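Heads up, this note's numbering is the position in the sequence shown plus 289, with the first residue counted as 1.
Since the hints were derived computationally from the structure, they do not count as laboratory data.
Check each hint, because a few of them may be wrong.
Quick list of in silico lysine to aspartate or glutamate cross-link-like pairs, EDC-like style, CA-CA up to 16 Å [to be verified]:
1. Lys402 to Glu439
2. Lys714 to Glu509
3. Lys376 to Asp334
Label pairs and their in silico Cβ distance ranges [said to hold, decoys possible]:
4. Ala610 to Asp334: 48 to 54 Å
5. His593 to Arg316: 27 to 33 Å
6. Lys510 to Pro577: 40 to 46 Å
7. Glu375 to Ala435: 23 to 29 Å
These numbers were taken from a predicted model, which means no experiment stands behind them.
Even for Gly, the Cβ is constructed at its ideal location relative to N, Cα and C.
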Amino acid sequence: MRARTGKRNFRWYRLDNAATIMPSTTRGPDTRCFRITCTLKEEVDPRILQEALDLVMEEFPHLKTVLRKGLFWYYFDETQQRALVEKDAGEICRALYVPGRRNLLFRVLYAGKSISLEMYHAIADGTGGLMVLKSLVIHYLCIRHAIPQEAVMGDDASAAQKSDDAFARYYRRDTDPEVHNYGEDARKREAKEEQEETAGGRGSQWKKLAFSRAYQIPMEKDFSLQCHYLEGILSASRVKKLAEENGATIGVYVTSIFIQSIIENMQAGDAKHPIVISVPVNLRQYFPSSTSRNFFGVITVSFHPRGYDGSLASILRSVDASFRKQLTREQITRTMNGYSGLVHNLAIQAVPLFLKDIAISRITLLTGQGTTATVSNLGCVTLPGETAGYVDRFSAFMTPPRLQMCISTYGDRMVFGVVTAYDEKNVMPAFFRKLSSAGIDVEIGSSDFDETP
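Please build the complete structure, drawing on both the sequences and the hints.
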């Protein structure tokens, strides 16, 4: 963050590492927006919601910004625009960033019993967006039901901590000393780092995705370019029990069923390509941070259809091994530093922005060919004290160029959400049918009336 001198003192923010690619790759139906919705057990009062939003804006100062172009990089510039709640018109995840237009990069919507937060991915990841929405909902319920805020507002992070660029804080070059080892045995850590460097070095994930070919799910673009959503609501305890019966975590179990659904809807001739699932990882689990900006890494789970013998177990073994291998602090750190290294590279920094836009668009296109779909899990959402009883569920949606399934859990309500401007009517219905045949009731919601499990 920097301050600009002059008649009025405005703050500006650098885009974090993950955000740098967003403006260059935002086009058409790929709006790079995500939506997180909290469904209450009562109708929403928009007047109180606006009062709550005004309070939230003081907690998250980086939200009061617009996106602008510099000579070499995009940046966030502070604005005095007031954020206003809007009635949800039903058009989900419509564009927030439009080049040349200086508007806020998020919106708060209400309809019936639902409060929705839509955000441009450059200013926050799913966990950061959830932090904002939870604060909004808590403020709203405290005002609506006269709940003492001091009894439920347990977040003691400062506004500066919530606006922190955690990528910059934890980025480490090869020559930098280890500042935080969190009790890791030094000799063991050095041995692992040496093994990882031998395996390919930092940034190898970019190269692996750019020069590999993954199976691509056939999808046709909606001519209207409007996004359609599909969600399935299940019992979290039943999904957990099924995962445990299969000797897997929920993440491994759900990803395996997703892969199985893709395989069983493939054409025989497409089986020559592996199925590669991208899985975003919340880096706050590995590095202490209260930031509500982007702070995530990505692991990839690859499974070749030739390894499928008709049983879920044949996929589970491979997916579980992949999760175990990649979900370590050392591996996550190596991947994070590899991505950050692109931003910190002096040669790249000196390239004018219009050339960066071209290069980033090309790289994104190439790496996209190495990915089949994405599974993003926001995890279990909790609310404090009396506020918890007024909420029914949380749901999440993201608009990528490929199929992305978002998972969120509140109490015993586990929601699987998909939103896309591309027509795909095989994989997700097959996914829900498999869970239904395993004995789990599935409640389907959709903007398309012909979607059935």
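Unsatisfied constraints (hint numbers, rising):
The structure breaks only hint 1.
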